[in-house]
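**Q** Next come the chains, spelled out residue by residue.
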Amino acid sequence: MRYLPLNDADRSAMLDKIGAPDVDALFVDVPEEARLSGPIDGLPMHASEMAVEKHMRRLSKKNLAAADAAFFLGAGAYRHHVPASVDHIIQRGEFLTAYTPYQPEIAQGTLQMLFEFQSQVARLYGCAVANASMYDGSTACWEAVAMASRVARGKKRKVVLSGALHPHYAEVVRTMAKFTEDEIAGAPPSLTAKPDDDGLIARIDESTSCVVVQYPDIFGRLPDLEKIAEAAHDKGALLIAVNTEPVALGAIKSPGELGADIVVGEGQSIGVGLQFGGPYLGLFAVRDPKHVRMMPGRLCGETVDAEGKRGFVLTLSTREQHIRREKATSNICTNSGLCALAFSVHMTLLGEKGLRSLATENHRLACIAAERLGKVSGAKVLNESFFNEFTLLIEGDARKIVRDLTSQDVLAGVALGRLFPGNDALGKGLLVAVTETTTEEDIETLASALEEVLA
Amino acid sequence: MARYFTDEHEWIDLEGETATVGITDFAQGQLGDIVFVELPDVGAVVEKGKDAAVVESVKAASDVYAPLSGEVVEVNEALEDDPALVNSSPEDDGWFFKMTVSDKAELEGLMDDKAYKSFCDGL
Amino acid sequence: MSTPNASGWKPGTPVEGHNAMSGPDTATGNRALLLEEPLLFEIGSTETTGVDFEFAAKLDLAGVEQPSPPKSAPASRLGGFERTDAIGLPGLTEPETVRHYTRLSRQNYAIDLGLFPLGSCTMKHNPRLNEKVARMPGFADVHPLQPVDTVRGALEVANELAHWLIKLTGMHSVAMSPKAGAHGELCGILCIRAALEARGDARKVILVPESAHGTNPATAAFAGYEIEDIPANADGRVDLDALKGRLGPDVAGVMITNPSTLGLFERDLKAISDAVHDAGGFVYCDGANFNAIVGKVRPGDLGVDAMHINLHKTFSTPHGGGGPGSGPVVLSEALAPFMPLPYTARTEDGVVHLVEEEDAEAFAQEHFGRQLAHFGRMTAFHGQMGMFTRALAYILSHGADGLKQVAEDAVLNANYVLRSLEDVLDAPFGHSGPCMHEALFSDKGFAEGVSTLDLAKALIDEGYHPMTMYFPLVVHGAMLIEPTETESKAALDQFIMALRSVAERAKTGDESLKTAPYYAPRRRLDETLAARKPVLAWEEPNPPAGTPTLSEQGGR
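Protein chains in written order, with the working numbering: chain A, 1 to 455; chain B, 1 to 123; chain C, 1 to 556.
These are calculated hints, taken from the structure and not from any lab test. Careful: at least some of the hints might be erroneous.
Once the Cα atoms are required to be at most 20 angstroms apart in a straight line, the calculated SDA-like pairs of lysine to any residue come out as [what the hints assert, rightly or not]:
| hint | chain 1 | residue 1 | chain 2 | residue 2 |
| --- | --- | --- | --- | --- |
| 1 | A | Lys155 | A | Thr192 |
| 2 | A | Lys235 | A | Lys253 |
| 3 | A | Lys253 | C | Gly79 |
| 4 | C | Lys296 | A | Asp29 |
| 5 | B | Lys48 | B | Asp63 |
| 6 | A | Lys235 | A | Lys194 |
| 7 | A | Lys400 | C | Ile227 |
| 8 | A | Lys290 | C | Pro534 |
| 9 | C | Lys204 | C | Ala234 |
| 10 | C | Lys296 | A | Asp24 |
| 11 | A | Lys235 | A | Ala152 |
| 12 | C | Lys404 | A | Asp41 |
| 13 | A | Lys353 | C | Asp85 |
Stretch by stretch, here's where chain C covers chain A in the computed footprint (C-beta under 8 angstroms, at least three residues) [stated by the list, open to error]:
| hint | region |
| --- | --- |
| 14 | 126-139 |
| 15 | 154-161 |
| 16 | 230-241 |
| 17 | 373-380 |
Since the model is a prediction, treat every value here as computed from it, not as a measurement. Glycine included, C-beta positions come from ideal geometry on N, C-alpha and C.
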């Protein structure tokens, strides 16, 4: 068996050293009735690399890969070009097969990378401090809500959710809040050209610990974070800004600049790839350094070694579960280290200049798409503002249309009916995302296909 | 002014109706380098034996229990910038908070200097 | 012990008082292959980029179809939110980027370099086939919200893995979406809470042994429970009688790690489960150490109600310097109806369905004949697909015979380490019989003033990542060694030799241990400074004139 170095001679020499007659003697503490008598039911015996690869390739081929279609899906996961060197670097064994850097003397590679990653995320978000990553955007969103409750020392328990927060994120928050004492004040989504900032502001009161707003929101619109931040701060509440498309922040103001207190989001767009939803990369940052000790997750900090050389360590660990146990700020342990590396390498390749070019190109193509698709008879663009994703309202059942178009290798977008099941008012909505991987030919393909089905 | 000690390694200076609370030299020695002290809010009502503050070294966080019941009236803000005061001057500049004493009967059973010293020697 | 170095070959002849590491200082701060690397922020520039954009280039290749040149940019639709201020993100060209990260990578220890004996972390070899499989376009380049007919293969992977996890654990169902072990723990505990609430029996307390991973109490607290300790007996196992004495109508459940973090199998787990069930509670098993028993023991046969499986431990998906992980949770029949959405299920016609919020009711009614009571959703999308492909490839590669051999070799290797060291290191539970997949030692017998940390740092100089230390908390100066099954006997022998050497030094009070490591890229780092004055993000230095920055000092 190719992954097991011991041979039978080794095994018997080792058993001699241990003083055990056979390997079963080492399992003596397992009660007889708990031991399996035979092999696992139905599982084949070991297989060659070639055979396994063949099996997996067969399964892979049953999927329609984005590269093989005119592709317009977004809604929290975006298809961007990832430079080849990103994958090369994350496959270096020293990164891929390392553990969490608990022994800093022999983990400076991971630690310095994390320090650089934290710095990149903090700057992108307009914040003071970012952590070393969370599982994904949705869990980071819940962790931010839990943190806001800690900042309020548990005295305020109302969480105001924007109706235009990604419904999966909202569902994660609702699920977790069932088990804590947070009271979730949501609102139904409404298909208006501009987000209902005033309606949201009206729901903030003295008992509100935090307001959660997505930017750009699930429909692609840009809420006025500055106004919402002011209103939240007036009532002593924190503003949590959620961003699911980090590329946007190369074009639009950062949530931190606009007054958000905690900024969380999904980092998948940069470096990570679609991967059918995971692993992704949760980003988490705070604007005010005073809030650092309330943060969840690992933090890497700068220090010096015994010879005075600069080095990095995981720090402020007393917030974490392995020390604080039931009083920890979160139960998170493993996070998304390798995805953070992919993000950081891609962001380094881009640099500010590249990020701005990338964002500009995304927005330019999205504008072209909005213009073209808005001209399709029976379709119109909802949004007044957007970055690289907008909502198209079409005369028909968007979900059915999306399904039907797959036969032409067109992945037309995410139907709002899939995201908000049971909400018939949204049935006509189609979220269309456009990135640098989208060509103008793709846009034309989608427009013609829609013209055909809507005719 | 009278100084009392608890078996949880806190010291209490009682002056009139107000008590100043900190952790002992023995405790700081056990904890090692203190990196952070989380103090209660001024105005917080604390209950004898319940959590009142947290003192952190690099690899440990320890709860500091309120030695008496009462209301916190002042906290040592110097600890925010310089937690090392707890190491360098635990029983003086490194005090944690001041509180009112709601029930002086709670002082019964606390140790004096001598008793605390022999208590530590026995550990 | 057999002769670990029969040839007597040694890498170089040491010269008294002068070794390779104590030569003259270099101008760069580098030491040959040990290369110092500045921060990205010190070498990059916001005007540099390592990415060319197609629209920026004007290619004119005869006979090659080119994308149309960009149309004139339409008016911005950013609603007045244009980011005008500098962001401060430095860039590097591709060669500089590759060099920066390659240099950094060489300051890391990794499984690919050597034995990584972290107890309870299961640092085994990461097969490269799994990396290749995960990158197949049908897995890597599909969107989670594509119409399900275009992702049947991805759903089959999730379902096929789910199937084998159920079979390997002897459980009823599995929730695949949790993102890592601790997330899986939370999932399991929330299932327990939902099940109790569904029968109108809210309970307050979860019992957790002191030897448990910190995630256990943190998870139970996060789910709103009070934590109480379960006492251990002299063997280091759960004290069954004491546990029975504590069970009652307020106890929601127990969290037990099996094999335990002391490296011992909980012999009484079935009796524990029966007692907990009799008292109306549930049994959560922390599956972090499943590697010791995979293919040999099925937790479902021991009465477990929920157990997370760290795919990045037992099933070899890479740790990646701290994730991503994946933590599917296998569930008993009693808890299965409460699992979170979404989930996948294969129906009799062979089709694999993705069951989300909208069709959950109809699907359950049709296929289970009743409503389920999902407690909600734990994450956007469906879970760690990229880990499912790797773990499935791993399971199929080993097969039924290979997985059993994995457990046997893992346990054999750990016992070999235990019995090869117990004469020089105190093994507090060595008397309790064979260990499972990890061997536990304490600092008893070390000279005054020498600590487990000192020994660990000396092990770094010997070329090893240290073992898990100071965990479990119940053993003073604990050292927990898990060699895993992917180590050869020769690799173990060399490790044992190294550890015996540093153990002897610890016992004789060798002062030089206290300032180890000497040969790592960094000496001991000042963690107190890091915590007292946290520097958590790069800030442009603003040094007074004439003061060289760290980088200008060549990193010294």
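**Q** Would you mind marking each hint as holding or not holding in the structure?
**A** Hints, verified against the model:
no. : hint                 : result
1   : A:Lys155 to A:Thr192 : violated, 35 angstroms
2   : A:Lys235 to A:Lys253 : violated, 24 angstroms
3   : A:Lys253 to C:Gly79  : holds, 11 angstroms
4   : C:Lys296 to A:Asp29  : holds, 13 angstroms
5   : B:Lys48 to B:Asp63   : holds, 13 angstroms
6   : A:Lys235 to A:Lys194 : violated, 24 angstroms
7   : A:Lys400 to C:Ile227 : violated, 50 angstroms
8   : A:Lys290 to C:Pro534 : holds, 11 angstroms
9   : C:Lys204 to C:Ala234 : violated, 29 angstroms
10  : C:Lys296 to A:Asp24  : holds, 10 angstroms
11  : A:Lys235 to A:Ala152 : holds, 12 angstroms
12  : C:Lys404 to A:Asp41  : holds, 13 angstroms
13  : A:Lys353 to C:Asp85  : holds, 13 angstroms
14  : 126-139              : holds (count 10)
15  : 154-161              : violated (count 0)
16  : 230-241              : violated (count 0)
17  : 373-380              : violated (count 0)
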